[in-house]
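Colleague: One letter stands for each residue in the lines below.
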Amino acid sequence: MLARENPFAAARVLKVRYRLDEARWADLIARLESLGMRGAIVGRKGHGKTTLIEDLARRLAARGHSTRLVRLESGRRDLPPEVRAALAGGSPREVFLVDSAGQLPLARRLWLYAASRRAGGLVVTAHRRGLLRTLLRLETTPQILEAIVREVSGREVASFGCSARELHRRHRGNLRDALRELYDVCAGRSLARAS
Amino acid sequence: MSEIRVALAGGAEGFRPGEEVSGTVSWNLEIPPSRLEVRLFWHTEGKGDSDVQIACMETFPDPGREGSRSFRMRIPDAPWSFSGKLISLKWAVEAVAEPAGVAGSAPMVVSPTGREIVIGKPAE
Amino acid sequence: MKVRFRTRHGGPDRPVSVGGKIFLSLFLSVFLGMGLVFTYLVARSAVGTIKTYRWEETPCRILESGIREDSSGGSRKFVFEAAYEYATPAGSRTSRTIRLGDSGSDDPTDAEKLLSKYPKGASARCYVNPSNREEALLERNSLWSLLFVFLPLIFVAVGGGGIAAVWWKPKPRPGIDAGTVVEPISSKGKRSTALARGCLPAFLGLFFVVGAAVFYFAFFRPGLKVFASRSWPQVPARVISSEVGSHTGDDSTTYSVDVLYEYEFGGRTFRSKRYEFLGGSSSGYDGKAAIVARYPAGSTTVCFVNPEDPTEAVLHRGFTKTYLVALVPILFMVVGGGGAILAFRSRGRIGSAAPGADLAAARAMPATPAISGPGPMKAAASPAAKFGCLLGVALFWNGIVSVFVWQVVKAWRAGGGLGCDALFLLPFVAIGLFLFGAVGHAFLAIFNPRPTLEISSHAIAVGGSANVSWTFTGNVSRIDTLTLKLVGVEEAQYRRGTTTSTDRETFAEITLFESAPGMGGMAASGTARLAVPADTMHSFEAPHNKVIWKLSLRGAIAKWPDVSEEFPIVVTPVREGGGS
Chain A
1 MLARENPFAA ARVLKVRYRL DEARWADLIA RLESLGMRGA IVGRKGHGKT TLIEDLARRL
61 AARGHSTRLV RLESGRRDLP PEVRAALAGG SPREVFLVDS AGQLPLARRL WLYAASRRAG
121 GLVVTAHRRG LLRTLLRLET TPQILEAIVR EVSGREVASF GCSARELHRR HRGNLRDALR
181 ELYDVCAGRS LARAS
Chain B
1 MSEIRVALAG GAEGFRPGEE VSGTVSWNLE IPPSRLEVRL FWHTEGKGDS DVQIACMETF
61 PDPGREGSRS FRMRIPDAPW SFSGKLISLK WAVEAVAEPA GVAGSAPMVV SPTGREIVIG
121 KPAE
Chain C
1 MKVRFRTRHG GPDRPVSVGG KIFLSLFLSV FLGMGLVFTY LVARSAVGTI KTYRWEETPC
61 RILESGIRED SSGGSRKFVF EAAYEYATPA GSRTSRTIRL GDSGSDDPTD AEKLLSKYPK
121 GASARCYVNP SNREEALLER NSLWSLLFVF LPLIFVAVGG GGIAAVWWKP KPRPGIDAGT
181 VVEPISSKGK RSTALARGCL PAFLGLFFVV GAAVFYFAFF RPGLKVFASR SWPQVPARVI
241 SSEVGSHTGD DSTTYSVDVL YEYEFGGRTF RSKRYEFLGG SSSGYDGKAA IVARYPAGST
301 TVCFVNPEDP TEAVLHRGFT KTYLVALVPI LFMVVGGGGA ILAFRSRGRI GSAAPGADLA
361 AARAMPATPA ISGPGPMKAA ASPAAKFGCL LGVALFWNGI VSVFVWQVVK AWRAGGGLGC
421 DALFLLPFVA IGLFLFGAVG HAFLAIFNPR PTLEISSHAI AVGGSANVSW TFTGNVSRID
481 TLTLKLVGVE EAQYRRGTTT STDRETFAEI TLFESAPGMG GMAASGTARL AVPADTMHSF
541 EAPHNKVIWK LSLRGAIAKW PDVSEEFPIV VTPVREGGGS
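Residue numbers (the working numbering), protein chains in the order written: chain A, 1 to 195; chain B, 1 to 124; chain C, 1 to 580.
Some clues are possibly wrong.
Restricting the straight-line Cα-Cα distance to at most 20 Å, the calculated cross-link-like pairs of lysine to any residue (SDA-like) are [said to hold, decoys possible]:
1) C:Lys559 x C:Ser477
2) A:Lys45 x C:Ser256
3) C:Lys113 x C:Arg96
4) B:Lys90 x A:Ala11
The following label-pair restraints were derived from C-beta to C-beta distances [stated by the list, open to error]:
5) A:Gly64 x B:Gly67: 31 to 41 Å
6) B:Val118 x C:Pro568: 21 to 31 Å
7) A:Arg44 x C:Cys389: 31 to 41 Å
8) A:Gly130 x C:Val37: 40 to 50 Å
9) A:Glu82 x C:Leu41: 39 to 49 Å
10) B:Val118 x C:Glu566: 17 to 27 Å
11) C:Pro568 x A:Gly64: 51 to 61 Å
12) C:Ile341 x A:Glu82: 23 to 33 Å
13) A:Ser163 x B:Asp62: 50 to 60 Å
14) C:Val328 x A:Gly130: 36 to 46 Å
15) A:Glu82 x C:Gly474: 50 to 60 Å
16) B:Gly67 x C:Phe23: 52 to 62 Å
By construction, these hints were calculated from the structure, which means they are not laboratory data.
Source: prediction; values computed, not measured.
Even for Gly, the Cβ is constructed at its ideal location relative to N, Cα and C.
Excised from the complex, chain A in its bound form:
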């Protein structure tokens, strides 16, 4: 299968949104508000943190919040200058959503938590619990993997030669890696050769 036909191409997988029903979204936002608009989304790699924080940003914006989504690129050890400037200047109405805040050095994270107290809020994603209260701990299941595969490809996981349970177990719940393996299966590549 050619790259453009592959249902598990990066651009298509990125369109999959986090699977929370309306009631759970309402609970999540209510919890965030009860925590003073400060909290952390915690989960391991490939468990949907980035997707959830993107969706959360949209939901908050729809509720009238002014939001600023900050995506830290891989290996980036500092916040972008304009974000630092905005935080340092105090943005009482703005909710900052920082993806991959866990990769910031401790001192910068502490500064972020302190400086954002004068902002409208702070939501971060991290691999493990930190100083901020945990808003939601993300776990994946073979059922979620099955549902995503059906959404992007219109097929059952079993039709790719393995079960959702086995694929989920093999990648320790990392859905991103599981979907990348299915990309290779569709492309006719025998093994995932990520390096």
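Position chains B and C against the provided structure of chain A, taking the given hints into account.
Modeller: Same frame as chain A, but now just chains B and C:
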């Protein structure tokens, strides 16, 4: 409902590097845009993150809520449209109403044969 | 608390409150003030030096000269003193000034050199101030000293720049507004994703320059002297004083061998304090004390004297362990130089161009070779380079690990047992051993036969062809089978969150030459026709996606690392008219 349409001249889809692509963009928008941009660009799809590059752009300032304009742009001699197991490179003409970002596009293929180049032997 | 963070990071953050701004400004103004004062003092001295270059060069006669030992400041200093007479329109004048701001040195060599240059009764040239002829100098300060003006300017820059950064209010750029319309695909091409990479090569280059300078002065120059001194004559010397010099720094004390001795050469007595060519001080008292004990005050020994400049002498003219420490700057040179090259190369790669990008930018072609005609090909990495890189990594890794291993061994020898620390270190040690194994493998590969490839055209169009010829140097008979292939690879990079991964897929593998088993040695040289298929993709390079073409040359050698080299080539799009 807002809509933008891009039609390539003669309904053509296959182009050779260095040729000109021309066509018409027509729009019917709820809010009048400040400008309309017609962009000739390529982008990649596949296992990696997408790369996007605009090769040429025409801008129509204050185009009004609805209308139609023709465009003409020269295609560069590379990169060509191709597909492999990991990467597909696709060309298109896209019209975007700014600042709202309402868009419409027409796909095209750029290669010496006018057909997409397929590399490797992809499995079915 | 907030202010402390900013102080530590020194970033462009604006302080939260006006109080914080004032505090930071006061702190930085200390830097600024000190910098300005020192800049003024150094600049004033520099102006004085420059002025002396306008003074009149005048003949003079040395009336008397000698070396005075000055112990008034707590440490012994050797000061060259001379009186010289020079003529002015108003009659002859006498001066005792040698240089501007000269107060002697704890090393007698400089004073000895001046004494040799200006002995009593000699004719010399001095420099007379035309606006005050009472004022004269025997020596002018070097203009190189003017470079010291830049040193305090660093403080001025830190202080002034810091204050500016504290009060400067950057205009925040809009963030990614959630809830907006889904972007058109091409809009991504309008955003500039290029990082500010311009400074990185410069910064790493500075690393290299500083490393090279330190290496030159700390190792190269003394090393040259070691070799040069092999021909210096051996001369009896008398030890005047002998002690371990102690130098207290901010957080540690270093020691030096301070042996003052005198010797005779050419009918004159000289004094020197040089034990070995490597100067300076280092930690470790015992070693220096042992050396000093070998040269008690009043004893006689031998030194080696430079016959061309008898003021230069040394007690020990060989290499010592200390020279190994002086090799450390090489690490800076490797890291700085290698990093600068890599950073500079990555700058040139295509980013997402601005709207209306010119067509050349949209081609996403890798850098075309500097020569398009025939010529030798450059391997992606030579065996020596691979060995060098691996050795650097192995030394770096094992250097760090060995510090911890040493602590564990020390504790064990003191009867503390091995404990959990040793277990914890095991995987790190294992990686270190694996790295050394890889170094050994790469080292053996250096002695492989080396191929040289020549190609009739460096820019080959899709559907075009070229001739590739190869020759081997070295023992080519060891090669069992030899294969030359044209290889096309797709490379895709994927980033999400904190993860980055790169996948590669070979889409074309065309054998250009393959020797029969056991006949590889017969193919010490040869030619093959390289034909790029007409229906394939040209070389392509974008930030996350690439199409790479290369020639892969492999020679299998039994029970030895194989010859394996890759030569990148650029396959260009067909030019107009279909020519290649």
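Colleague: Take the hints in turn and mark each one as holding or not.
Modeller: We went through each hint and held it up to the structure:
A C-alpha spacing of about 14 Å is found between Lys559 of chain C and Ser477 of chain C, which places the hinted pair at or below 20 Å, so the restraint holds. Of the supplied pair hints, the one linking Lys45 of chain A and Ser256 of chain C is violated, its CA atoms being roughly 54 Å apart against a limit of 20 Å. Proximity of Lys113 of chain C to Arg96 of chain C is assessed by CA-CA distance (about 17 Å); at most 20 Å being required, the pair is judged to hold. Taken as a hint, the Lys90 of chain B and Ala11 of chain A pair is honoured in the structure, with Cα atoms around 13 Å apart against an allowance of 20 Å.
At roughly 35 Å, the beta carbons of Gly64 of chain A and Gly67 of chain B sit within the given window of 31 to 41 Å. Separated by about 23 Å at the C-beta atoms, Val118 of chain B and Pro568 of chain C satisfy the suggested range of 21 to 31 Å. Checked against the hint of 31 to 41 Å, the pair Arg44 of chain A and Cys389 of chain C passes, with Cβ atoms roughly 33 Å apart. Distance hint check: the CB atoms of Gly130 of chain A and Val37 of chain C are about 46 Å apart, consistent with the given range 40 to 50 Å.
For the hinted restraint 39 to 49 Å between Glu82 of chain A and Leu41 of chain C, the CB-CB distance of approximately 41 Å keeps it satisfied. Range check, Val118 of chain B to Glu566 of chain C: about 25 Å between beta-carbon atoms, so the 17 to 27 Å window is met. For the hinted restraint 51 to 61 Å between Pro568 of chain C and Gly64 of chain A, the CB-CB distance of approximately 55 Å keeps it satisfied. The beta-carbon spacing between Ile341 of chain C and Glu82 of chain A, approximately 31 Å, falls within the hinted interval of 23 to 33 Å.
Hint check: Ser163 of chain A to Asp62 of chain B, Cβ distance near 58 Å, so the stated range 50 to 60 Å holds. At about 38 Å, the CB distance of Val328 of chain C to Gly130 of chain A agrees with the hint of 36 to 46 Å. Checked against the hint of 50 to 60 Å, the C-beta distance between Glu82 of chain A and Gly474 of chain C comes to roughly 57 Å, which is consistent with it. Taken as a hint, the range 52 to 62 Å holds for the pair Gly67 of chain B and Phe23 of chain C, whose Cβ atoms sit roughly 59 Å apart.
Violation of the numbered hints given earlier is confined to hint 2; every other hint is satisfied by the structure.
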